[in-house]
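There are 2 protein chains.
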Amino acid sequence: MRMTKVLLAAAASVALLASPLSAKKIKWKLAETWPSTLTPLASPPAKLAALMKEMSDGEFIIKVEGKEKHKAPLGILDMVKGGQYQMGHSGSYYWKGKDINTVWFTTVPFGMTPSEQYAWFYYGNGIKYMKEVYDKFGVYNYPGGNTGNQMGGWFRKEIKSVADLKGLKMRIPGLAGEVMAKLGVNVTNIPAGELYTALDRGTIDALEWVGPGMDIKMGFNKVAKYYYTGWHEPASEMQFLVNKKAYDKLPKKYQVMLETAMKAASMDMYIENFAQSADAWAKMKKDYPDIQVKTFPKPVMQALKKASDDVYAGYAAKNPKFKEILDDYTAYMKKAREWSMMSQYYYLQTSKELESTK
Amino acid sequence: MRMTKVLLAAAASVALLASPLSAKKIKWKLAETWPSTLTPLASPPAKLAALMKEMSDGEFIIKVEGKEKHKAPLGILDMVKGGQYQMGHSGSYYWKGKDINTVWFTTVPFGMTPSEQYAWFYYGNGIKYMKEVYDKFGVYNYPGGNTGNQMGGWFRKEIKSVADLKGLKMRIPGLAGEVMAKLGVNVTNIPAGELYTALDRGTIDALEWVGPGMDIKMGFNKVAKYYYTGWHEPASEMQFLVNKKAYDKLPKKYQVMLETAMKAASMDMYIENFAQSADAWAKMKKDYPDIQVKTFPKPVMQALKKASDDVYAGYAAKNPKFKEILDDYTAYMKKAREWSMMSQYYYLQTSKELESTK
Chain A
873 MRMTKVLLAA AASVALLASP LSAKKIKWKL AETWPSTLTP LASPPAKLAA
923 LMKEMSDGEF IIKVEGKEKH KAPLGILDMV KGGQYQMGHS GSYYWKGKDI
973 NTVWFTTVPF GMTPSEQYAW FYYGNGIKYM KEVYDKFGVY NYPGGNTGNQ
1023 MGGWFRKEIK SVADLKGLKM RIPGLAGEVM AKLGVNVTNI PAGELYTALD
1073 RGTIDALEWV GPGMDIKMGF NKVAKYYYTG WHEPASEMQF LVNKKAYDKL
1123 PKKYQVMLET AMKAASMDMY IENFAQSADA WAKMKKDYPD IQVKTFPKPV
1173 MQALKKASDD VYAGYAAKNP KFKEILDDYT AYMKKAREWS MMSQYYYLQT
1223 SKELESTK
Chain B
873 MRMTKVLLAA AASVALLASP LSAKKIKWKL AETWPSTLTP LASPPAKLAA
923 LMKEMSDGEF IIKVEGKEKH KAPLGILDMV KGGQYQMGHS GSYYWKGKDI
973 NTVWFTTVPF GMTPSEQYAW FYYGNGIKYM KEVYDKFGVY NYPGGNTGNQ
1023 MGGWFRKEIK SVADLKGLKM RIPGLAGEVM AKLGVNVTNI PAGELYTALD
1073 RGTIDALEWV GPGMDIKMGF NKVAKYYYTG WHEPASEMQF LVNKKAYDKL
1123 PKKYQVMLET AMKAASMDMY IENFAQSADA WAKMKKDYPD IQVKTFPKPV
1173 MQALKKASDD VYAGYAAKNP KFKEILDDYT AYMKKAREWS MMSQYYYLQT
1223 SKELESTK
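So the protein lines, in turn, are chains A and B. For the first sequence, the numbering used here assigns the number 873 to the initial residue and increments by one for each residue that follows. For the second sequence, the numbering used here assigns the number 873 to the initial residue and increments by one for each residue that follows.
No wet-lab data here; the hints were simulated from the structure. Treat the hints with care, as some may be off.
Pairs involving identical chains hold if they fit within one copy or between any two copies, as the list cannot separate such chains.
Pairs of lysine-lysine residues, derived as BS3-like cross-links and limited to a Cα-Cα distance of at most 27 angstroms, are as follows [claimed, not checked]:
hint, residue 1, residue 2
1, 1207, 1094
2, 1206, 925
3, 1116, 953
4, 1089, 1041
5, 1003, 1094
6, 1038, 1155
7, 1206, 1094
8, 1207, 1155
9, 970, 1166
10, 897, 1121
11, 1029, 1003
12, 1207, 1157
13, 1224, 1195
14, 1177, 896
15, 1193, 1008
16, 1124, 953
17, 1207, 1097
18, 970, 925
19, 1089, 1207
20, 1206, 1155
21, 925, 941
22, 1177, 1224
23, 1000, 1195
Please build the complete structure, drawing on both the sequences and the hints.
This is the structure we're talking about:
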């Protein structure tokens, strides 16, 4: 009897020792702006969840909910801030109505390339500014995957001059829309599900989406012939949002695990999107040989650049933090672009020259 | 007394329950080709070790040993194969004497850019071929960080024609050296520590190293004026090697942790090198304004391209696996390059045009 008691006590102490392990089990929810099947945008959260489950031996579970479930694609920041979700996956520039400085962490017209921007994030002041800007929302912001340079969009007619932009009806959101509006473009906002029909029927003359990999799913290549190269979203970075209180409560090992998995999943998205775009473009070109890849003529690019600079100057005049980040970003880009030209541009130019003289 | 015995038994059972935890403690060693202070090349192993320690709560320790310790920079593959080290960090093309097909996992002359190559690795057949080629060594090979497009090298005299290459004494190893030799270059191999003096004294006329970030540490900018853009190593990927038996014995969670940490650390190196190169080039240009960035004239590039194709054809004729990978690689590059031009080249070209008309 006495021995039994002691054994029971021993068993209890064993249970106590074991219990912290199972008590540590963490269950988080992540809300993403996209439908949960929309790769490559939906890939980073899915991969993050899979990696966390495996690396934690099932102790850290992240349930991912796409927009088909939560119905609030543009409510992600609020839901993570409020703690309904511990995490979110979205695009920082969607929050420009809350703070214009969120745009710096996605991409800006005539801005940095992905390599340049990652260098600014991690070895310049990018991450520092990210922390400052997101601090007031009570969330941490992390890079969440990059689409690379997005295409300038699908146009029903060729753009030969700045005059051709006047009165053009185009779906192009964000800062790029503000830039286009300065050149007389009639910027419209149409829900994604209606875009194909609008372009087909001529309700709009042009639209921008992402790039071949995602555009082909929308079918735009069937209804417009001119596919313009990009200038307005040269390095669109997605974002992971993490509720600060939830993150700060995690044991250090899970904080590091989360950051490592976010980084690996983000890199994967950039590569996945690159591969999908290469495949999709090869298919588009074969199935729709009439598609012409165009770059805006130089006077159009000059006008777009000037209009972009005007848009920046407008925000900088009203918002000192915008001016601070703009100056830092511009100086870093100038330095980084020289290296991009030396290492990336001339190599591709050589490849083009060799191809044309075969 | 009896109670004490029981308590002791209970304590023992507690110890037994606790012991599997500490018994799981894993201690690995990693040998790298580089001195352990040589960033960015030495950064991925250092970051991997730090991440593994933190994510495993101190249960998975990787001790990194640089070449200053093991003295066998080109013995990494053998040491990981033999199990003296569970892991290695090196460059796959160093093993071309053991199997020419190892070159495909670093970079090849006129080959893919980093984005293209990562797409081929993860969404094409790259990883599949990696497994096939490394299987016989009893190791797993993983991407281990990328330098981006390396510079074509430092030249004391300008190269104006193919004739200028004849008799030129140049340090340029690997396949690129074979290509240069076909054009009459006197290819020499000189230890790293003697390169600066050799270039300064004219013992050699030219050399290639990496890019501004690493070149500036060697001081080449002080003794040569012409800095040529690259063609021969467009996307040099480092490698992590893992001894198969050691890896296969790991619990699943540690396998996933290791792969995730290797991927995150590899991405970091690409960014770190990009940032270091942008900084170093800005500094070089300021301190040594006479340096001229040059691209080889078109006839020289055409000759280099033809010589590269000849080198490939030579290996393909002798080695069916080389031919198989060459064909797969070439087809993927053709598809991916079109997307690189659309998404990357035209954007940088626009930036150049706008800069020149300011």
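Right, here's what the structure says about each hint:
1. For the homomeric pair residue 1207 and residue 1094, the shortest alpha-carbon distance between copies (21 angstroms) is at most 27 angstroms, but the shortest distance inside one copy (41 angstroms) is not.
2. Proximity of residue 1206 to residue 925 under the C-alpha cut-off of 27 angstroms is found in neither arrangement, the shortest distances being 42 angstroms within a copy and 38 angstroms between copies.
3. Taking the shortest Cα distances, residue 1116 and residue 953 sit within 27 angstroms of each other inside one copy (8 angstroms), while across copies they are farther apart (45 angstroms).
4. For the homomeric pair residue 1089 and residue 1041, the shortest alpha-carbon distance inside one copy (22 angstroms) is at most 27 angstroms, but the shortest distance between copies (54 angstroms) is not.
5. Proximity of residue 1003 to residue 1094 under the C-alpha cut-off of 27 angstroms is found in neither arrangement, the shortest distances being 43 angstroms within a copy and 40 angstroms between copies.
6. Within a single copy, residue 1038 and residue 1155 get their C-alpha atoms no closer than 33 angstroms, and across copies no closer than 45 angstroms, so neither meets the 27 angstroms cut-off.
7. Taking the shortest alpha-carbon separations for residue 1206 and residue 1094, only the inter-copy value of 24 angstroms comes in at or below 27 angstroms, while the best intra-copy value is 39 angstroms.
8. Taking identical chains as interchangeable, the C-alpha atoms of residue 1207 and residue 1155 lie at most 27 angstroms apart only when they sit on different chains, with a minimum of 10 angstroms there against 37 angstroms within one chain.
9. For the identical chains of this complex, residue 970 and residue 1166 are neighbours neither inside a copy (35 angstroms) nor across copies (47 angstroms), given an alpha-carbon limit of 27 angstroms.
10. In this assembly of identical chains, residue 897 and residue 1121 lie within 27 angstroms of each other by CA distance both inside one copy and across copies; the values are 13 angstroms within and 26 angstroms between.
11. For a Cα distance limit of 27 angstroms, the shortest separation of residue 1029 from residue 1003 qualifies neither inside one copy, at 43 angstroms, nor across copies, at 49 angstroms.
12. With identical chains, the CA atoms of residue 1207 and residue 1157 are at most 27 angstroms apart between copies only, with a shortest distance of 11 angstroms across copies and 36 angstroms within one.
13. Proximity of residue 1224 to residue 1195 under the C-alpha cut-off of 27 angstroms is restricted to the inter-copy arrangement: shortest distance 25 angstroms between copies versus 39 angstroms within a copy.
14. Within a single copy, residue 1177 and residue 896 get their C-alpha atoms no closer than 53 angstroms, and across copies no closer than 59 angstroms, so neither meets the 27 angstroms cut-off.
15. Taking the closest pair of Cα atoms, residue 1193 and residue 1008 come within 27 angstroms of each other only inside a single copy of the chain (14 angstroms); across copies the shortest separation is 57 angstroms, beyond that limit.
16. For the homomeric pair residue 1124 and residue 953, the shortest alpha-carbon distance inside one copy (21 angstroms) is at most 27 angstroms, but the shortest distance between copies (34 angstroms) is not.
17. Taking the shortest alpha-carbon separations for residue 1207 and residue 1097, only the inter-copy value of 21 angstroms comes in at or below 27 angstroms, while the best intra-copy value is 37 angstroms.
18. In this assembly of identical chains, residue 970 and residue 925 lie within 27 angstroms of each other by CA distance neither inside one copy nor across copies; the values are 34 angstroms within and 39 angstroms between.
19. When the C-alpha separation of residue 1089 and residue 1207 is checked against a cutoff of 27 angstroms, the pair qualifies only between copies, where the shortest distance is 19 angstroms, while the shortest distance within a copy is 37 angstroms.
20. With identical chains, the CA atoms of residue 1206 and residue 1155 are at most 27 angstroms apart between copies only, with a shortest distance of 13 angstroms across copies and 36 angstroms within one.
21. Taking the closest pair of Cα atoms, residue 925 and residue 941 come within 27 angstroms of each other only inside a single copy of the chain (22 angstroms); across copies the shortest separation is 37 angstroms, beyond that limit.
22. Proximity of residue 1177 to residue 1224 under the C-alpha cut-off of 27 angstroms is found in both arrangements, the shortest distances being 26 angstroms within a copy and 13 angstroms between copies.
23. In this assembly of identical chains, residue 1000 and residue 1195 lie within 27 angstroms of each other by CA distance solely inside one copy; the values are 15 angstroms within and 49 angstroms between copies.
When held up to the earlier numbered hints, the structure conflicts with 2, 5, 6, 9, 11, 14 and 18 and fits the remainder.
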